[in-house]
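Number of protein chains: 2
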Amino acid sequence: MGVRRRFHLAVIIGRGSDLIFSRASLLAFRRRGYNRAFSGFLAGFGEGADVSEASRFVQEIAEQSDDFSRWYTDVVLKAELADYSPVRGCMVIRPYGYALWENMRDALDKRIRATGHVNAYFPLFIPENLLKQEAEHVAGFSPEVAWVTAGGDDDLEERLAIRPTSEVLFLTMYSKWIQSWRDLPVLINQWANVVRWEMRTYLFLRTMEFLWQEGHTAHRTEVEAQEEVLRMLEVYRDFVETELAIPVIPGGKSEGEKFAGAQATYTIEAMMGDGRALQAGTSHAFGQHFAQVFNITFLDRDGERRHVWTTSWGVTTRLVGAVVMAHGDSSGLVLPPRVAPYQAVAVPIFRNEEEAQRVRGVIDDLARRLDGRVRLHADWSDHTPGWKFNEWELRGVPVRLEIGPRDVANGQVLAVRRDTREKQAIPVGELSARLPTLLEDIQRSLFAKALAFRESRSHRVGSIQEIVQQIEVERGFFYAPWCGNGECEAEVKAKTGATLRCLPLRGDGESGACLVCGQPETTTAVFARAY
Amino acid sequence: MGVRRRFHLAVIIGRGSDLIFSRASLLAFRRRGYNRAFSGFLAGFGEGADVSEASRFVQEIAEQSDDFSRWYTDVVLKAELADYSPVRGCMVIRPYGYALWENMRDALDKRIRATGHVNAYFPLFIPENLLKQEAEHVAGFSPEVAWVTAGGDDDLEERLAIRPTSEVLFLTMYSKWIQSWRDLPVLINQWANVVRWEMRTYLFLRTMEFLWQEGHTAHRTEVEAQEEVLRMLEVYRDFVETELAIPVIPGGKSEGEKFAGAQATYTIEAMMGDGRALQAGTSHAFGQHFAQVFNITFLDRDGERRHVWTTSWGVTTRLVGAVVMAHGDSSGLVLPPRVAPYQAVAVPIFRNEEEAQRVRGVIDDLARRLDGRVRLHADWSDHTPGWKFNEWELRGVPVRLEIGPRDVANGQVLAVRRDTREKQAIPVGELSARLPTLLEDIQRSLFAKALAFRESRSHRVGSIQEIVQQIEVERGFFYAPWCGNGECEAEVKAKTGATLRCLPLRGDGESGACLVCGQPETTTAVFARAY
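Protein sequences appear in the order of chains A and B.
The first sequence begins at 19 in the numbering used here and counts up by one.
The second sequence begins at 19 in the numbering used here and counts up by one.
I should point out that these hints are in silico values taken from the structure, not numbers from a laboratory.
In this text, all values refer to a predicted model and were calculated from it rather than measured experimentally.
The reader is advised that the hints may include incorrect statements.
Which copy is meant is left open, because identical chains are indistinguishable; a pair holds if it fits in one copy or across any two.
[As the list claims (entries may be wrong)] Heads up, simulated SDA-like pairs for lysine to any residue below, C-alpha to C-alpha not over 25 angstroms straight-line:
id	residue 1	residue 2
1	K441	E373
2	K150	C535
3	K441	R129
4	K150	R478
5	K128	E448
6	K96	N313
7	K150	R177
Required output: the full structure, derived from the provided sequences and hints.
And the structure:
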């Protein structure tokens with residue numbers, strides 16, 4: 019009955035013709051959840067259809083400020099980036115979310131190739147004994163390993179681990195492939211799925227299975243290996259800042275936060291919309307340790323046999339979550355144009371077939387002129403313009419083009435920015451030239467906005483107490499002098515819930531006494547509560 | 019000591035200057051395994067280095083005619099397409115093989131998108147109960163399932179299957195996503211790894227883990243679903259014939275060869291270089307059966323709830339093996355230009371730095387002019403030209419460009435086709451224009467050659483006896499009238515080892531009495547021994 023009443027109301031309001039395209043009434047629509055019912059009616063639906071569709075679309079998302087975590091989950095689910103699967107801790111990456119990931123993957127893959135790396139594919143399984151060859155490594159991962167113990171109807175003699183990461187497989191093969199200095203460096207990357215048995219999972223940010231890229235390299239000298247580790251960290255920084263418009267802090271991890279088995283781990287740390295930190299990518303130096311464990315030696319120029327120096331580096335699908343959390347607002351996703359599945363959506367507005375024809379002419383012509391330079395989606399679905407406005411706002415399309423009969427008559431199109439909601443009438447003839455520029459402008463301002471936000475949430479402190487006081491007000495990054503002692507690091511975590519995110523590569527010149535023990539010999543560390 | 023003697027000989031023969039670039043002496047070189055030693059010497063190696071490198075490169079591959087299967091394995095391993103891994107039945111796809119797969123994947127992905135499909139990613143795991151919902155399906159796959167029974171240190175309450183295929187996951191989600199006719203069709207594809215617990219494995223053709231693409235679609239009507247099944251079969255045919263230059267026979271599978279749970283299975287069947295058949299891709303119609311099992315209903319235009327009609331279709335990394343087996347020759351791989359990682363390799367020939375400079379000028383200029391239109395690799399490694407000729411022949415690069423000081427002087431380059439070994443001198447100025455044409459020509463002749471081979475190995479027969487006699491002489495495709503009875507099909511297999519590959523969509527008009535029971539009502543079936 020409730021549905022039916024909504025229904026009639028919707029129709030009445032729907033009769034308000036063009037009125038329904040004003041933002042105010044749109045929001046009113048969304049608040050009251052009418053637009054779906056209205057479109058359902060237009061589409062000549064029975065009540066059943068309206069109910070079923072309403073159940074999918076007539077929904078509010080939580081306010082960011084009230085409950086950031088619920089807001090995030092609402093947006094991921096309702097923008098159809100991902101959905102829960104029948105498997106605990108595993109999600110389905112839906113077409114819209116996967117297209118976003120594919121754009122990220124392709125942009126990063128270009129950079130990985132440009133720095134001389136090649137792709138390959140290594141097995142999903144790792145025999146238990148092989149995984150256990152490196153004690154520290156297995157200690158770090160075995161609590162997270164999914165074990166295959168049966169194949170068909172037979173139990174296996176040796177359990178197979180599903181790769182949590184593939185160091186041991188790559189290095190086992192490298193020991194077979196590398197013979198002389200002329201085989202070096204070996205620079206191989208793989209795009210693959212990995213599994214880590216997480217107890218508390220979170221869409222994109224922490225899932226049992228996730229997609230990632232893992233590079234594994236072997237070098238002749240320590241210097242070359244160290245250059246590689248920092249080269250790939252810089253590739254990640256450039257990729258995340260340029261393509262995802264998310265500013266990051268490149269730095270080293272503390273002993274306590276290092277990758278299992280690594281000599282040194284470097285990271286890029288990003289700030290999410292709630293002031294929490296997110297580790298966006300890591301690059302590891304293994305020295306000759308793994309080479310010794312897996313006996314990877316080469317005959318050097320001077321005829322001496324030496325062990326290689328190895329590295330590994332990776333980023334994962336959690337970056338999709340980072341994009342949502344770094345740019346999203348109360349209306350949903352705000353996607354950076356460079357990776358957005360649709361960079362612009364054209365919403366046709368018409369009251370009859372004759373108007374539809376004229377509008378279609380303009381849209382088809384635009385598509386021709388753009389000729390693939392802009393990923394344009396024309397939404398001809400039989401929903402109301404109002405519903406489409408909400409839908410594509412929720413899904414974060416950078417630019418919405420509203421094209422109605424009056425616009426056609428005036429030879430212009432109304433372009434609406436998703437990030438600022440700024441509207442501008444653009445002459446049809448200039449659209450194909452101005453749209454790309456507008457998208458670049460949006461990309462730039464998303465980065466600038468995220469950077470300004472991070473700076474506003476970054477504080478230099480000299481004591482734990484300052485963090486304690488400040489972090490209760492709002493989360494953020496806390497720059498503090500640290501003596502390098504793990505106990506001091508642990509005390510900060512115990513008292514503030516903030517972990518040591520990184521020791522920034524670009525020091526800020528500041529110094530002082532350790533925020534915990536007061537010892538004068540310190541480096542600057544960034545502390546924050548993190549995902 | 020043996021190595022050292024070879025060494026000196028190599029140097030002496032090496033002194034034969036340009037002589038060593040003639041094919042005859044090259045083959046002599048390869049037979050005697052000198053060229054590596056020679057290059058090792060040039061590179062100023064100690065004996066150790068020579069031994070280590072020799073062990074990798076100074077190798078013969080088996081003769082196709084003697085032992086096709088060993089020839090295949092030799093080529094896959096020595097061309098570095100793949101290597102055995104520490105995990106039984108799993109291989110490592112090496113960079114050269116993976117680049118080949120990436121080119122195939124991208125070409126097919128374009129076609130899959132062009133027909134309106136989108137990509138997504140579904141979980142690796144399938145809960146045992148979910149997999150068991152469809153009896154026939156699970157019966158077909160459970161003997162091949164790898165089971166996860168422990169996560170971290172805990173045993174699981176319910177076993178998780180590693181996907182052998184993802185019907186049950188896609189359809190479970192579809193039952194949640196599909197509400198009305200307006201949600202249809204749902205056209206989703208995924209590129210992923212799957213696992214089937216194979217006992218007898220074979221590089222690329224049959225591995226426990228393999229990479230593939232699996233499309234899963236849901237439709238409003240039976241007609242639309244049937245159109246989809248045949249549309250994707252045609253996409254596969256066009257892809258395999260156009261990109262891989264392998265002719266295929268599209269047809270339906272018999273009851274006995276159908277996919278577990280399918281109402282009808284369609285296939286494209288290719289002939290390998292030994293006359294055996296290889297199933298290169300399949301497309302399945304499920305009717306409403308899976309929709310009933312997974313309760314996928316939609317509200318139709320008329321307000322009625324109906325079950326959807328589903329399909330699925332896939333091709334796998336076995337296509338890499340198909341390319342090797344369909345085109346390879348006694349010198350190794352012969353790659354179709356459209357998917358070859360390198361379409362042309364430039365081999366510089368010089369005796370001193372001054373000559374090297376002049377040759378480099380020509381190659382760099384060519385690369386500039388080609389501007390990415392041709393995947394050109396300039397091999398400046400410090401091996402001898404002779405070694406490089408062998409290496410890139412073994413690895414199947416379609417065109418080799420030999421560029422020496424005399425060529426530079428004459429303003430020309432010697433282009434050598436990998437498929438026909440035909441040589442032609444091409445003026446440097448015309449190279450960037452003629453190379454693409456030459457590659458298209460090679461692509462066409464590879465297809466024509468494979469087609470002619472298939473026809474020469476295809477026979478129309480009227481009785482099992484004819485197959486028995488013929489198949490002992492040489493393997494091939496046997497077209498025969500078949501009554502449709504599974505017992506007759508089984509008898510052919512029992513007596514000839516040949517299975518029913520398909521019932522060709524394009525009938526050849528011929529008819530006759532069943533090759534087994536003699537019943538007059540028949541359709542034409544293709545029988546062959548298969549991989």
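Evaluated hints:
1. K441 / E373: within (23 angstroms within a copy, 63 angstroms between copies)
2. K150 / C535: So K150 and C535 fail the 25 angstroms test inside a copy (38 angstroms) and across (60 angstroms) alike.
3. K441 / R129: neither (35 angstroms within a copy, 37 angstroms between copies)
4. K150 / R478: neither (43 angstroms within a copy, 58 angstroms between copies)
5. K128 / E448: Result: close neither inside a copy nor across copies, 31 angstroms intra and 30 angstroms inter.
6. K96 / N313: For K96 and N313, only the inter-copy Cα distance (23 angstroms) is at most 25 angstroms; the intra-copy one is 50 angstroms.
7. K150 / R177: both (12 angstroms within a copy, 24 angstroms between copies)
Going down the numbered hints, you'll see the structure goes against 2, 3, 4 and 5, while the others check out.
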